[in-house]
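*Asks:* The hints should help you fit chains A and U onto chain S, whose structure is shown.
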Amino acid sequence: MLPRVIPVRELILSIAILALLVLISARFAGFAAPSNLLNVFNDTAPLIILALGQMVVILTRCIDLSVAANLALTGMVVAMINVAMPGLPIPVILTIAILLGAIMGAINGLLVWKLAIPPIVVTLGTMTVFRGIIFLISDGKWVNAHEMSDAFTGFPRTTVLGLPMLSWVAILAVVIFGIMMARTSLGRAIFAVGGNPHAAVYAGINVGKTQFLAFVLSGALAGLTGYLWVARYAVAYVDIAGGFELEVVAACVIGGISIAGGIGSVGGAVLGAIFLGVVKNALPVINISPFWQLAISGSAILIAVAFNARAGKTKGRIILKSAEGST
Amino acid sequence: MTETATQTRHIPDRLNSRAHSVFRSWEALLLAVAVAIFIVNSFTSPYFLNAWNLSDATFNFTEKAMIAFAMAMLIIAGEIDLSVASIIALASTAMGLAVQYGAGTTELVAIGLIVGIMCGAFNAFFVTVLGLPSIVVTIGTMSLFRGISFIILGDGAFRGYPSDFAWFGQGYVFWVITVEMVIFVILAAIYGVLLHKTNFGRAVYAIGNNPTGALFSGIRVQRVKFILFLLTGLMSGLAAICLTSRLGSTRPSIATGMELEVVTMVVLGGVNILGGSGSIPGVVIAAFVMGLVTFGLGLLNVPGIVMSIFIGLLLIGVIALPRMWSIINARRHKP
Amino acid sequence: MTESVTPVVSMDAITKTFPGVKALDSVQLDLYAGQVTALVGENGAGKSTTVKILTGIYQPDEGTIRIDGDPIRFANANAAGDAGITAIHQETVLFDELSVAENIFLGHAPRNTFGLIDSRAMHEAASKLLESIGAMFSSRTKLRDLGIANKHLVAIARALSVDARVVIMDEPTAALSHKEISELYELIETLKTQGKAILFISHKFDEIFRIADHYVVFRDGAFVDKGLIADISQDALVEMMVGRTVDHIFPEREATVASDVLKVINYGHPTEFADISFTLKAGEILGFYGLVGAGRSEFMQSLFGITRPSSGVCEINGKTCNIRSPADAIANGIVYVPEDRGKQGAIIGLPIFQNITLPSLGQTSKSGFLRLVEEFKLAREYSERLDLRAASLDQDVGNLSGGNQQKVVIAKWLATRPQVIILDEPTKGVDIGSKAAVHDFMAELAAQGLSIIMVSSEIPEIIGMSDRVIVMRDGRIEVELSDKKLSPETLVRHAAGITTTPQMAEV
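Chains S, A and U supply the protein sequences, listed in that same order. Final position of the first sequence in the working numbering is 327; the numbers increase by one with none missing. Final position of the second sequence in the working numbering is 335; the numbers increase by one with none missing. Final position of the third sequence in the working numbering is 507; the numbers increase by one with none missing.
So here's chain S without its partners, still in its complex pose (with noise of 0.2 Å):
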């Protein structure tokens, strides 16, 4: 077994990255340009922060399905308060858009806690009924450009330091995330939760109440990513963000996060969020129809969960000695 020193995962996701600019820049060399670069990453911030809800919720043995549908409502319901009060400074759209994201997440969280109802069946339920209401309160109807304020649309594209702001907050959510799950017994705890259900119960930790806190996380980050897409796209409707849940559970697969819980880290989650957005970017540059994409993240999703698995089988039983073993 290699030293756990280096994470092997995110070291090898890494390599994989570098390796796919490489291949682009083969073809089209200003892919690889710093600036083109910040631009993806700038494109890919709304994956990054929701495959870090994800994660966590992924970490408690939890899945969120509802974590697109919670960023439409949210996009939705903050438009409208936009165009009802223009005026609204925003900081309060920030606040009002991560509040109403962690009250969806903390009704997934609530059913699956306090009546255990499986998550996949609580979250598949939560996403068609968030997207149902936003037609109940939109009544079918967009929320154009032209309706919103300009402090509301421009706040994602404010450019600061060379970054725009979306870029930042991404970052921001990546570092606090990072030390909330490193330093932080609420970090602690849901890796232990995943990884050992029934010993953090004896270690004093309530496993239901940390899923919960989990699914409360993961829908406050689609609350706040939903303001930020609607606002970054000029533009709000029912279907905005259609099936991109299954683009954030796969970042995090593709990251290394295992679907059965407790293993799993903010560095493969982020990187696998970056390795599906420089696909998706690299497809029109090189002359692939857009149409691929869906195929290839499918894809990428089935050859990186057979390559964890594989890594992960190694624990068998040695019992047999070494030197003895060359029968």
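Since the hints were made in silico from the structure, they are not lab data. Do not take every clue at face value.
Derived DMTMM-like pairs (lysine to aspartate or glutamate); straight-line CA-CA distance at most 25 Å [said to hold, decoys possible]:
| id | chain 1 | residue 1 | chain 2 | residue 2 |
| --- | --- | --- | --- | --- |
| 1 | U | Lys366 | A | Glu27 |
| 2 | A | Lys197 | U | Glu374 |
| 3 | S | Lys209 | U | Asp483 |
| 4 | S | Lys280 | A | Asp155 |
| 5 | U | Lys435 | U | Asp483 |
| 6 | U | Lys142 | S | Glu10 |
| 7 | U | Lys343 | U | Asp25 |
| 8 | U | Lys485 | U | Glu252 |
| 9 | U | Lys52 | U | Asp70 |
| 10 | U | Lys263 | U | Asp275 |
| 11 | U | Lys435 | U | Glu489 |
| 12 | U | Lys179 | U | Glu480 |
| 13 | U | Lys142 | U | Glu207 |
| 14 | U | Lys377 | A | Asp155 |
| 15 | U | Lys142 | U | Asp118 |
| 16 | U | Lys204 | U | Glu489 |
| 17 | A | Lys197 | U | Glu381 |
| 18 | U | Lys226 | U | Asp260 |
| 19 | U | Lys343 | U | Asp275 |
| 20 | U | Lys128 | U | Asp70 |
| 21 | S | Lys141 | A | Asp13 |
| 22 | U | Lys428 | U | Asp220 |
| 23 | S | Lys209 | U | Glu381 |
| 24 | A | Lys197 | U | Asp396 |
| 25 | U | Lys263 | U | Asp61 |
| 26 | U | Lys226 | U | Asp474 |
| 27 | U | Lys428 | U | Asp118 |
| 28 | U | Lys263 | U | Glu239 |
| 29 | S | Lys114 | U | Glu444 |
| 30 | U | Lys435 | U | Glu252 |
| 31 | U | Lys435 | U | Glu171 |
| 32 | U | Lys179 | U | Glu425 |
| 33 | U | Lys485 | U | Asp474 |
*Replies:* For chains A and U alone, kept in the frame of chain S given last:
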């Protein structure tokens, strides 16, 4: 445990009569719900109690139910297949492609079924041979299968299916009885027997309750699971034939989100999402319940997306309500 | 028995009821600083419920827990931890993906001024703790890279890290080798000198008499007696525990003179075992002895087709059979009663009769279709033969007691009419009263011509029941013993490989 053995003690086969346990089952409750919805619907809309309208309404659930039968067995065995709607897309695309090369109805049916089985085998390979969790594998193939459809079709569509191909999705066997309805009934019988009356069905239950114990009891666990994925793929292929025939065209977005409705139908039918229990009669009744609800709301001009709220609430509600009830009961009985 | 000192912890008139069962009925238990109290009782006596109440996992329905004489209530595991009570559990309950230091300090890590976990302080403290108990690995190692014995040390370090006043050890030696056990004894001595009160739960009487100062006996959830170990004999303690005298007489058995049924030649596996060859006669009981991790269960599961051997031949009645799955093994007349009953044996959720007929559906069904009448007939025949206690045959097997579940598993296998039955630790976790019944039944089966392989780690059982014994060590057959050569000393010596330096392979 510490008593000493005396003479042989007689153990009865059953404590409660079968009728007793049937009466108190989930299926009985569901049937009552179905009847109630039927009655409510017939009062709220004058168009409800019309043989042709009711016949039309069956299309709401027949295709989904075909897949739900196989999915129910798969879920009882502790696995899941989220790629079924994407298998429909791929199978339909393959049929549409074949039409461009002049394939007739027989060839189309064969292609639809074979693509379905192959997709099932693909899932099965990852789950049973490589030992990967089915939920991740089928989230992956969900993207992959539909992704292939998108690669082939882009934003285009296949049309021009032969006129006799329409029989599957638009034909009637006699009077108001549709071809799909007949397929549904036959499949319900076949799956009912397969799950409840055969050794294979017993193995499915054993695996769902305790896969390791089943393996240690001599059940060929991986083989059974492999077959279940093949069946789910086959049923998705069959549903693709019916749906394509009914719509008369193929787009890569065909049947989007149908996996959710299939899983909802299975769970509503009383199948434990964690595996181990459930029944085909339950799924049959759940199919009718969902069909009646959709039809009834449709008559009241409720848009599709709002119906989906109802489906989502139904999915959570059927599991949540009994649990909330038992929690409340437990509180009340505490001193 | 009159103690002048106040106990660190005392449980007084504690009652705990679960639906249908009174797990604890007004029990009392006192733990004293710097002393080891052994809690003795059969399975179901209420020992694990007691542990769970002391650690705050369960809350008692009635009665008082006192710390230093003051009443206290534990709302959850954290509250018990704050009161200085910590437990080292049967299975080392820790987290594979976290580092050793994180495992030790989960829930109470040192914080820096920002309220974040102070990683450096945590590792320093962890290293100090590990050093104090003689652990040789780094605090940064991931737990999954450690073997069982070392994981145990982590659990102990965790117990010490909270500055516990009370340490509960629930069957701490179950998974340890002899060498590791003696190291554990030293550690317990250290804890005693540090003034910790220790609750020691074990099924092994030699351990209790070696390490404990006090004893407390529970039976069927009720308190029976307490006192000083020095004042009581082993026999008296056993008698109190089971409530009657238990004569440990193994059933008389005739030596077999019969043909070979099973012949195993040169079975091998890349990492688990090698060069396994032996024969088994009709009506014979062949014991397999060895330390935990000697490869016995691994070999048996390979013989049963769970894992495939890399080499070797297996013959039944002279015919070579290719066993690639349990289904093949059953078809060839080899069946296996696993050690892990809950997971590998009974299928909880299925009714009793379906559990029993599961491997025999071939005989009860007709061309793949079930015949319930035949199933009930077969299930009834074997459950009555095993004197199963159940309300009905369509009852969920999960509602049965552990002993009756074991009967269902055995009935399941006998219904296949096997030629060879492999019993892996058949009496592990079975209370003394039921052990004799299991042994009698094994003798009866052997007398009827069934060949039995018995894997056991209990020396009296191995010697009392087996015609011959094969001792395994490090995945190989060390020696085959029978008749006069079969003594506790020779077994232990060969199992530990005492001709060379005794060292356990770190897994």
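*Asks:* Now tell me if each hint is right for this structure.
*Replies:* Here's how the hints hold up against the structure:
Proposed proximity of Lys366 (chain U) and Glu27 (chain A) is contradicted: the alpha carbons are some 28 Å apart, above 25 Å. With a C-alpha separation of about 13 Å, the suggested pairing of Lys197 (chain A) with Glu374 (chain U) holds against the 25 Å cut-off. Restraint check for Lys209 (chain S) and Asp483 (chain U): not satisfied, since their Cα atoms lie roughly 60 Å apart, outside the 25 Å limit. Between the alpha carbons of Lys280 (chain S) and Asp155 (chain A) the distance comes to roughly 18 Å, so the proposed pair stays at or under 25 Å and holds.
For the proposed pair Lys435 (chain U) and Asp483 (chain U), the alpha carbon gap of about 23 Å is at most 25 Å, so the pair holds. Distance hint between Lys142 (chain U) and Glu10 (chain S) is fulfilled; the C-alpha atoms sit about 17 Å from each other, no more than 25 Å. In summary, the hint linking Lys343 (chain U) to Asp25 (chain U) is not supported, as the alpha carbons are separated by about 30 Å, beyond the 25 Å threshold. As the CA atoms of Lys485 (chain U) and Glu252 (chain U) are separated by approximately 19 Å, the hinted pair is consistent with the 25 Å bound.
Taking the CA atoms of Lys52 (chain U) and Asp70 (chain U), the gap is about 20 Å. The hint holds against a cut of 25 Å. A hinted pair counts as satisfied when its Cα atoms are at most 25 Å apart, and Lys263 (chain U) with Asp275 (chain U) qualifies at roughly 13 Å. At roughly 23 Å between alpha-carbon atoms, Lys435 (chain U) and Glu489 (chain U) fall within 25 Å of each other, so this suggested pair holds. Restraint check for Lys179 (chain U) and Glu480 (chain U): satisfied, since their Cα atoms lie roughly 23 Å apart, inside the 25 Å limit.
Between Lys142 (chain U) and Glu207 (chain U), the direct Cα distance comes to roughly 31 Å. Violation of the 25 Å bound is thereby established for this hinted pair. Distance hint between Lys377 (chain U) and Asp155 (chain A) is unfulfilled; the C-alpha atoms sit about 63 Å from each other, more than 25 Å. As the CA atoms of Lys142 (chain U) and Asp118 (chain U) are separated by approximately 18 Å, the hinted pair is consistent with the 25 Å bound. Straight-line distance between C-alpha atoms of Lys204 (chain U) and Glu489 (chain U) comes to about 18 Å, which keeps the hinted pair within the 25 Å bound.
At most 25 Å may separate the alpha-carbon atoms for a hinted pair to count; Lys197 (chain A) and Glu381 (chain U) meet this at roughly 22 Å. Annotation: proposed proximity of Lys226 (chain U) to Asp260 (chain U) is violated, straight-line Cα distance about 52 Å (limit 25 Å). About 29 Å separates the Cα atoms of Lys343 (chain U) and Asp275 (chain U), which puts this hinted pair outside 25 Å; it is violated. Distance check on the hinted pair: Lys128 (chain U) and Asp70 (chain U) sit about 33 Å apart at the alpha-carbon level, beyond 25 Å; violated.
Taking the CA atoms of Lys141 (chain S) and Asp13 (chain A), the gap is about 62 Å. The hint is violated against a cut of 25 Å. Under the criterion of a C-alpha separation no larger than 25 Å, the hint pairing Lys428 (chain U) with Asp220 (chain U) is consistent with the structure, at around 19 Å. Simply put, Lys209 (chain S) and Glu381 (chain U) have alpha-carbon atoms about 49 Å apart, too far for the 25 Å limit, and the pair is violated. Restraint check for Lys197 (chain A) and Asp396 (chain U): the C-alpha separation of about 19 Å stays at or below 25 Å, so the hint holds.
Distance check on the hinted pair: Lys263 (chain U) and Asp61 (chain U) sit about 57 Å apart at the alpha-carbon level, beyond 25 Å; violated. For the proposed pair Lys226 (chain U) and Asp474 (chain U), the alpha carbon gap of about 42 Å is over 25 Å, so the pair is violated. Only pairs whose Cα atoms come within 25 Å are accepted, and Lys428 (chain U) paired with Asp118 (chain U) is rejected, the gap being roughly 44 Å. Restraint check for Lys263 (chain U) and Glu239 (chain U): the C-alpha separation of about 43 Å exceeds 25 Å, so the hint is violated.
Taking the CA atoms of Lys114 (chain S) and Glu444 (chain U), the gap is about 51 Å. The hint is violated against a cut of 25 Å. The straight-line distance between the Cα atoms of Lys435 (chain U) and Glu252 (chain U) is roughly 15 Å, inside the 25 Å bound, and the hint therefore holds. For the hint pairing Lys435 (chain U) with Glu171 (chain U), the CA-to-CA distance comes to about 19 Å; that is within 25 Å, so the pair holds. For the given pair, Lys179 (chain U) sits about 22 Å from Glu425 (chain U) by alpha-carbon distance, which is consistent with the 25 Å threshold.
For the proposed pair Lys485 (chain U) and Asp474 (chain U), the alpha carbon gap of about 22 Å is at most 25 Å, so the pair holds.
The structure fails hints 1, 3, 7, 13, 14, 18, 19, 20, 21, 23, 25, 26, 27, 28 and 29 (numbered hints given earlier, in ascending order).
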